[in-house]
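Engineer: Residue numbers (UniProt numbering), protein chains in the order written: chain D, 1 to 274; chain U, 1 to 274.
These are computed hints drawn from the structure, not numbers from a lab.
These numbers come from a predicted model, not from an experiment.
Just so you know, not all the hints are guaranteed correct.
Identical copies look the same in the list; a pair holds intra-copy or inter-copy alike.
[As the list claims (entries may be wrong)] Below, simulated SDA-like cross-link-like pairs (lysine to any residue); rule was C-alpha separation at most 25 angstroms, straight line:
hint: 1; residue 1: K30; residue 2: R205
hint: 2; residue 1: K55; residue 2: R211
hint: 3; residue 1: K55; residue 2: Q236
hint: 4; residue 1: K55; residue 2: G76
2 protein chains.
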Amino acid sequence: MTRAPASRALDTTPLWLKLSSYLVLSEEEKMYLADLERTIAREPPRTDLLQQGEKYRDVRIIRDGWAIRHKALPDGRRQVVNFVLPGDIIGMYCTLFESADHSVTTLTAVEVASFPPERIGEMFRSFPRLAAALAWSGAREEAMVAERLLSLGRRTALERTAHLIVELLRRLSVVNMATDGHFVLPVTQEILADALGLSIVHINRTLRRLRDSGLIELNGQRITVNDVRQLASVGQFDELYLHLIRVPKRLERAFAGPRHQNNNKREDDDRAKA
Amino acid sequence: MTRAPASRALDTTPLWLKLSSYLVLSEEEKMYLADLERTIAREPPRTDLLQQGEKYRDVRIIRDGWAIRHKALPDGRRQVVNFVLPGDIIGMYCTLFESADHSVTTLTAVEVASFPPERIGEMFRSFPRLAAALAWSGAREEAMVAERLLSLGRRTALERTAHLIVELLRRLSVVNMATDGHFVLPVTQEILADALGLSIVHINRTLRRLRDSGLIELNGQRITVNDVRQLASVGQFDELYLHLIRVPKRLERAFAGPRHQNNNKREDDDRAKA
DNA sequence: CCGACCGATTAACCTATGTTGTGGCCGCCT
DNA sequence: AGGCGGCCACAACATAGGTTAATCGGTCGG
C-alpha cells in the first residue's frame, strides 16, 4: 500500500479505510476525498441529522461516532433500518429525491463532514473509480438492509441478535474500531429492540441467554465476543452480503471512462490477483 | 408529454413508463433506452434469473411478467426481499460486487432484456440524466426494502398485508398494469408469506379477514381493492417512500455534466413548477 | 444529600402468530 | 377414468415473543 509519509493523516479517515478495503486509491483520489471531508461539524448525541419528510440538504460523511437510520409509523412504533458508523455516508443520492423517507439521529457525539450534492455528479465525471467505490459502499448498505429483512422475517430473536452483533463486529473491524472481539456499543436496549423488531423486554431476555451461554460478555457499553465462530453460527451469519471482497477487474471496464486517463498503474497490478 | 407518432411503440416499454413518471426523457435518451432493451429473452415461470452466491452476469430489465428477489437461510427458511415487476432492473450495480447475495426467480413467464454492465458506466458518461433516472429507480427500490423492514419489524400481520397490497397497486399503476383497483397477483400464498415474514396459514387467515371486511376481493389471481383509502389506512401506508414526486430542479446541477449539452429545453420548462 | 429520571432486569401473564393435520378443489398425467 | 400433486381452507393446539408492572442502580441538577 503506497503511503506518502507527509500525507499520513489522510489515511486514517474512516471512509478512506473503508474504501481501501475495496480498492486501492491513488494519491489524487485520496486528495479529492480529503477535500470532500473538509467541512466538518460536531453534533451532540440525540441530534437529528435528517428528519423523515424533511427536504434533503447536504451529503454527510460520518467521521466519528454512531447514529441510526430509522423510520417511524404515525402511532410512534419505530424501526431502526441500520446503524450509521464512521465511514458511512448519509444521503448520497439525496438529489434524486424530493424529501427523506427516514430519519437519521445521532447516538453519541458525532463528527460529520458535509458537502453539496453536486459534488457527487462531479465525482462521477472526474473520478469514476472513486465514485464507483462510493456506489459500492451504498450498494453494500442496501445489502445490509436486505439481510436485516431476512433476519426480521425468518430468524428467531436469538439468531437475529447474534447476527447483528457479528455484523457490527465485522463493520467496525474495517474501520479499526474493534480489536479482537470487543467494541463499544453505545446503544440502549430500546434501540436494539427497534433494530431487531423485538420488545425491550425480549431483547433483555435474549441478551441474557447469550451471556449465560458464554458467547458474549457485557460491561456497560463494552461488548466482548468470546467466540465469533460460534456466535456467527448461532446467527446463521454468512458474510457474503457484506461484499468485502476486493473489486473485480471488470469494474475498470465499466466505470473508468475513456476521458479519465489511468493514473493508478501501480495499484492496478497490485490488484491483478483478485 | 411529447410523443412522436412514428416512435410510439417505444413509449410503451414499462421501464420508459416508470422513468417518465420521474422525469421527461428526450428523444435521444428514449432511443438509447430502447437500444439497451434490444436483446430480449423469454423465460418460463420458476426460472432462476440469478442465484445467491453465483457471479453476476448481465444487467437485466424486466419487460413483462413477475419475479421475486429473495434470500434464503441454509436451513431453507426464505425471505422475499421484493417483487420484481415490469420496468424493474436486476443487478444494476452488479459490477461492483463479486457475487450475488440474493436470488431472483420468475413467478410467471417473463420477458427480459439484458445488456453488459459496461453500458451503465457508458450511460453515466454520455446520458447523465438517464443514468440519474436509473439511479432514482434503484434508490427507490432500496426505499421499498427499508419500508418492508418497517413492516416486518413493527406492523401486525393485517397491517403488513394491507400495506403490501397497496404498494403493489401503486407500483403496477405506474406501468399501466392496474386499472381502477384491480390487478393480477400471480403469487401463491406461500410466496406472500415469505414476503411478509408470516406462515402460510397466517397469511390465509389474514387474507380472509381482509376479504370479510370487504376491503379486497379475490377471484383466482385477480385481486380487487374496493377501498384503497381505507386499505391504505389499515396498512398505515404513507407513499412518501415511493418517491413518486417529479425530479427536483437540483438534479440537473448535480448530474448533468458540462459536457452534456442540454437537449431537453422544452421538458426543463415543463418541470419548472416542481 | 435529595428527588427525579433513565435504563436494565425480572416475574407473571397474555396474545399474535406458528404448527400440525385434515379435507376439498382443480389441473395434469397416463 | 382415476390418481397424483399443488394450492387453498380451516380447525385445534402450541409457543415465541409482547405487555404490564415492580425493583434496582446510576446519574444529574440543585
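Engineer: For each hint, tell me whether it holds in the structure or not.
Structural biologist: Each hint tested on the structure:
no.: 1; hint: K30 <-> R205; verdict: neither (46 angstroms within a copy, 57 angstroms between copies)
no.: 2; hint: K55 <-> R211; verdict: neither (43 angstroms within a copy, 38 angstroms between copies)
no.: 3; hint: K55 <-> Q236; verdict: between (38 angstroms within a copy, 22 angstroms between copies)
no.: 4; hint: K55 <-> G76; verdict: within (21 angstroms within a copy, 42 angstroms between copies)
Comparing the model with each numbered hint stated earlier shows that hints 1 and 2 do not hold.
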